[in-house]
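S.K.: Sequence:
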Amino acid sequence: MLQYETVFIADPVHTDEEIDELVKGYEQVVTSAKGKVLKVEKWGKRRLAYTIHHHEEGIYVLMTLECPASLIKELDRRLRMNERIVRHMAVRVESELQLGPSPMMKPRPERDDTLIEPPMAP
1 MLQYETVFIA DPVHTDEEID ELVKGYEQVV TSAKGKVLKV EKWGKRRLAY
51 TIHHHEEGIY VLMTLECPAS LIKELDRRLR MNERIVRHMA VRVESELQLG
101 PSPMMKPRPE RDDTLIEPPM AP
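Heads up, the sequence shown is in the numbering used here, so the first residue is 1 and it goes up one at a time.
Among the hints, erroneous ones may be present.
Listed next, the in silico DSBU-like pairs over lysine-lysine satisfying Cα-Cα at most 30 Å (straight line) [unchecked claim]:
id	residue 1	residue 2
1	K24	K36
2	K45	K24
3	K34	K73
4	K39	K24
5	K73	K45
6	K36	K73
7	K73	K42
8	K24	K42
9	K24	K34
10	K73	K24
11	K39	K73
Rather than coming from a laboratory, the hints here were simulated on the basis of the structure.
Turn these sequences into a full structure, and let the hints guide you.
M.R.: See below:
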């Protein structure tokens with residue numbers, strides 16, 4: 001079976017419980033078609049790069065799957081038809097899949113917000 005990463009952005013008005021319900025529904029679709037959900041990461045509410053359907057923020061979720069290509073088509077159809085999903089994308093993972101935390105889940109280094117003085121003009 002092939003491995004895929006699917007990221008979807010949900011409408012930011014939904015609660016964590018509603019997002020969990022949404023994810024469980026998609027997990028059931030995958031497992032009912034003899035696929036496996038290898039990892040689910042909820043990246044949380046983030047600002048969008050541009051406005052999508054009058055939304056400036058969205059709740060990001062990453063699902064890592066092992067399933068046949070036909071299932072990705074079905075999952076894509078279901079994500080497209082769900083009004084709670086703002087955007088989605090599924091990509092096939094061609095290299096060896098690493099199941100550790102994605103870069104989005106790693107802690108950010110502390111920023112140094114001290115003001116740097118510009119050099120004096122001669």
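S.K.: Each of the hints needs a verdict: does it hold here or not?
M.R.: Here's how the hints hold up against the structure:
1. The hinted pair formed by K24 and K36 meets the criterion: a straight-line CA distance of about 13 Å does not exceed 30 Å.
2. Proposed proximity of K45 and K24 is supported: the alpha carbons are some 19 Å apart, at most 30 Å.
3. Annotation: proposed proximity of K34 to K73 holds, straight-line Cα distance about 15 Å (limit 30 Å).
4. About 12 Å separates the Cα atoms of K39 and K24, which keeps this hinted pair within 30 Å; it holds.
5. Straight-line distance between C-alpha atoms of K73 and K45 comes to about 26 Å, which keeps the hinted pair within the 30 Å bound.
6. For a cut-off of 30 Å, the pair hint linking K36 to K73 stands: about 16 Å separates their Cα positions.
7. Pair hint K73 plus K42 holds up; C-alpha atoms about 22 Å apart against a cutoff of 30 Å.
8. Between the alpha carbons of K24 and K42 the distance comes to roughly 13 Å, so the proposed pair stays at or under 30 Å and holds.
9. A threshold of 30 Å between alpha carbons decides the hint, and for K24 with K34 the separation of about 15 Å falls inside it, so the pair holds.
10. Among the hinted pairs, K73 with K24 is consistent with the structure: their alpha-carbon atoms are about 18 Å apart, no more than 30 Å.
11. Taking the CA atoms of K39 and K73, the gap is about 19 Å. The hint holds against a cut of 30 Å.
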